[in-house]
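Novice: Put chain B on the given structure of chain A with help from the hints.
For reference, the chains in residue letters:
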Amino acid sequence: MHSVIDPALREPMAPVPFRVGAKRDELLDTFTIELAPPNSSFAFAPGQFTMLYAYGVGEVPISVSGDPANPTVVTQTIRRVGAVTRALGSVQPGDVVGMRGPFGTSWPLEAAKGGDVVLVAGGIGLAPLRPVLYAILADRASYQRVVLLYGSRSPHDLLYGGELREWRSRFDLDVYVTVDRADPGWHGSVGVVTTLIERADFEPGTTTAMVCGPEIMMRYAAETLLSENVTPGRISLSIERNMKCGIGFCGHCQYGGNFVCSDGPVFTYAEVESLLRVREV
Amino acid sequence: MTEVDANGLIGFRFFAGMAPEFVERFADAGREVSFATDEMIFREGDDATGAYMIRGGDAALEQHIPGRGHHIIQTVHRGEVVGWSWLFPPYRCRFDARALTDVDAIGFGGAALREAITSDTGFAAVVYERWGKLLVGRLESARLQLVDIYAQRD
Chain A
1 MHSVIDPALR EPMAPVPFRV GAKRDELLDT FTIELAPPNS SFAFAPGQFT MLYAYGVGEV
61 PISVSGDPAN PTVVTQTIRR VGAVTRALGS VQPGDVVGMR GPFGTSWPLE AAKGGDVVLV
121 AGGIGLAPLR PVLYAILADR ASYQRVVLLY GSRSPHDLLY GGELREWRSR FDLDVYVTVD
181 RADPGWHGSV GVVTTLIERA DFEPGTTTAM VCGPEIMMRY AAETLLSENV TPGRISLSIE
241 RNMKCGIGFC GHCQYGGNFV CSDGPVFTYA EVESLLRVRE V
Chain B
1001 MTEVDANGLI GFRFFAGMAP EFVERFADAG REVSFATDEM IFREGDDATG AYMIRGGDAA
1061 LEQHIPGRGH HIIQTVHRGE VVGWSWLFPP YRCRFDARAL TDVDAIGFGG AALREAITSD
1121 TGFAAVVYER WGKLLVGRLE SARLQLVDIY AQRD
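Protein chains in written order, with the numbering used here: chain A, 1 to 281; chain B, 1001 to 1154.
The shape of chain A in the complex, shown without the other chains (with noise of 0.2 Å):
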């Protein structure tokens, strides 16, 4: 994984300013913020994440979800889960929020070039590689198979359901989804992302596979996909832990010998293989 230096950077823990330019609700739990970066300048890399601030409350960790060729807007997906991210929740078009970074590690796309892809998702996980899938698509012809595997908890928790049915209807972009409980209106794939794996049609020695959602998931997405022969150095996780300064000083987020800020949150299953078992990390 590479490092993305960015100038915002040199003053690391000073957040921006960036002005909320739309809001949408994604999910009941779940919306998403397009942001207006001063200077209309915002460069990231798929995978990356920015320590987004609801002033007087605290920060939070979120990836960027949007188009990474688009420097104009940040698209930032978010779930409802505590008292930061219920701030963000209630921002308006217009409003201000802080930000800092962008900061991490981001998915091996380049590396990817002339093989497989195959993007494994579980739940809000489909959110971290929506840039990838923008990128991939933006340059199509350098890849070969590209492979979307997604599953969420019920039909009602897919994301981006427009965005799902246009992907799906695509000749060159194969997506699977999946739910693990089906309501009477649902007449797709049922049970966990992992079965989708062996569904799919890859070239396990060409493939790169890039794995987000919960980790207990991605760690029963990585065995299937060792299992598939797809080598433990072409497949990629996104850590999440605790992060607090987003540069790797605070040591909030160490994983192991890492922290996961700075070192990650795009790992190799090799690099943290022996830690995914780890209870104490």
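Check the hints yourself; a few may be wrong.
Stated by the list, open to error - If you want the ones that stay clear, here's a sample from chain A, every Cβ over 10 Å from chain B, calculated:
#: 1; residue: Pro38
#: 2; residue: Ser90
#: 3; residue: Gly115
#: 4; residue: Tyr143
#: 5; residue: His156
#: 6; residue: Ser169
#: 7; residue: Asp180
#: 8; residue: Val192
#: 9; residue: Gly205
#: 10; residue: Cys245
#: 11; residue: Cys250
#: 12; residue: Ser274
To be verified - Each pair of labels, with its calculated beta carbon distance range:
#: 13; chain 1: A; residue 1: Arg277; chain 2: B; residue 2: Gly1067; range: 39 to 47 Å
#: 14; chain 1: A; residue 1: Arg168; chain 2: B; residue 2: Ile1065; range: 24 to 32 Å
#: 15; chain 1: B; residue 1: Val1136; chain 2: A; residue 2: Arg86; range: 37 to 45 Å
#: 16; chain 1: B; residue 1: Ala1111; chain 2: A; residue 2: Asp139; range: 20 to 28 Å
#: 17; chain 1: A; residue 1: Gly251; chain 2: B; residue 2: Pro1020; range: 25 to 33 Å
#: 18; chain 1: A; residue 1: His252; chain 2: B; residue 2: Ile1065; range: 54 to 62 Å
#: 19; chain 1: B; residue 1: Ala1016; chain 2: A; residue 2: Gly233; range: 20 to 28 Å
If you are wondering where the hints come from, they were derived from the structure by calculation, not from laboratory data. Cβ coordinates follow ideal geometry from the N, Cα and C atoms, glycine included.
Specialist: Using the frame of chain A, we list chain B on its own:
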């Protein structure tokens, strides 16, 4: 129902790496079958007469919950196998299986397979290994599903 050619089985993942003589045994126990959309492939409590490998279409493993109708536990698709109760006493189906679309499948007769197992320990090892793997996969999926559905969000 039509008899099955062993060559028609080789391309499916379930038979990957299996010795040709054992594939032949499965072919001997197999018949081509089809189910119309919504047709029951088997019902919970039925005699477990065999297993089915889906060649085309989609099916669902379901549990009937009194007062709440059918609850889909998992869907199965091309190349996947449903049915393991034929392998263990009392040979009764534990779940419902229903065709979600028109389904083409190969049905493997449980009695014929059990007879082959008792007379050939090599074949028995293969059968228990394949169905063991199938059961472990289902168990892991079910556990992950439970964690996903019932675990508290932080």
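Novice: Taking the hints in turn, state whether each one holds.
Specialist: Status of each hint after checking the structure:
1. Pro38: 33 Å, holds
2. Ser90: For serine 90/A, whose nearest Cβ neighbour in chain B is about 19 Å away, the distance exceeds 10 Å, so it holds.
3. Gly115: Answer for glycine 115/A: holds, closest chain B Cβ roughly 22 Å.
4. Tyr143: The claim holds: tyrosine 143/A sits with its nearest Cβ about 25 Å from chain B, beyond 10 Å.
5. His156: Histidine 156/A clear of chain B: closest Cβ-Cβ about 13 Å, beyond 10 Å.
6. Ser169: Check passes; 19 Å lies beyond 10 Å.
7. Asp180: 5 Å, violated
8. Val192: Its Cβ does come within 10 Å of chain B, the nearest being 5 Å, so this is violated.
9. Gly205: 16 Å, holds
10. Cys245: Answer for cysteine 245/A: holds, closest chain B Cβ roughly 21 Å.
11. Cys250: 20 Å, holds
12. Ser274: 21 Å, holds
13. Arg277/A - Gly1067/B: 39 to 47 Å: Taking Cβ atoms as reference, arginine 277/A and glycine 1067/B lie about 41 Å apart, which means the hint holds.
14. Arg168/A - Ile1065/B: 24 to 32 Å: Given a distance of about 31 Å, which is inside 24 to 32 Å, the answer is holds.
15. Val1136/B - Arg86/A: 37 to 45 Å: 41 Å, holds
16. Ala1111/B - Asp139/A: 20 to 28 Å: 56 Å, violated
17. Gly251/A - Pro1020/B: 25 to 33 Å: Hint violated: Cβ distance 59 Å, outside 25 to 33 Å.
18. His252/A - Ile1065/B: 54 to 62 Å: Once the Cβ atoms are compared, 45 Å apart, the range 54 to 62 Å for isoleucine 1065/B and histidine 252/A is violated.
19. Ala1016/B - Gly233/A: 20 to 28 Å: At roughly 25 Å between Cβ atoms, glycine 233/A and alanine 1016/B fall inside 20 to 28 Å, so the hint holds.
In summary, the numbered hints that this structure violates are 7, 8, 16, 17, 18.
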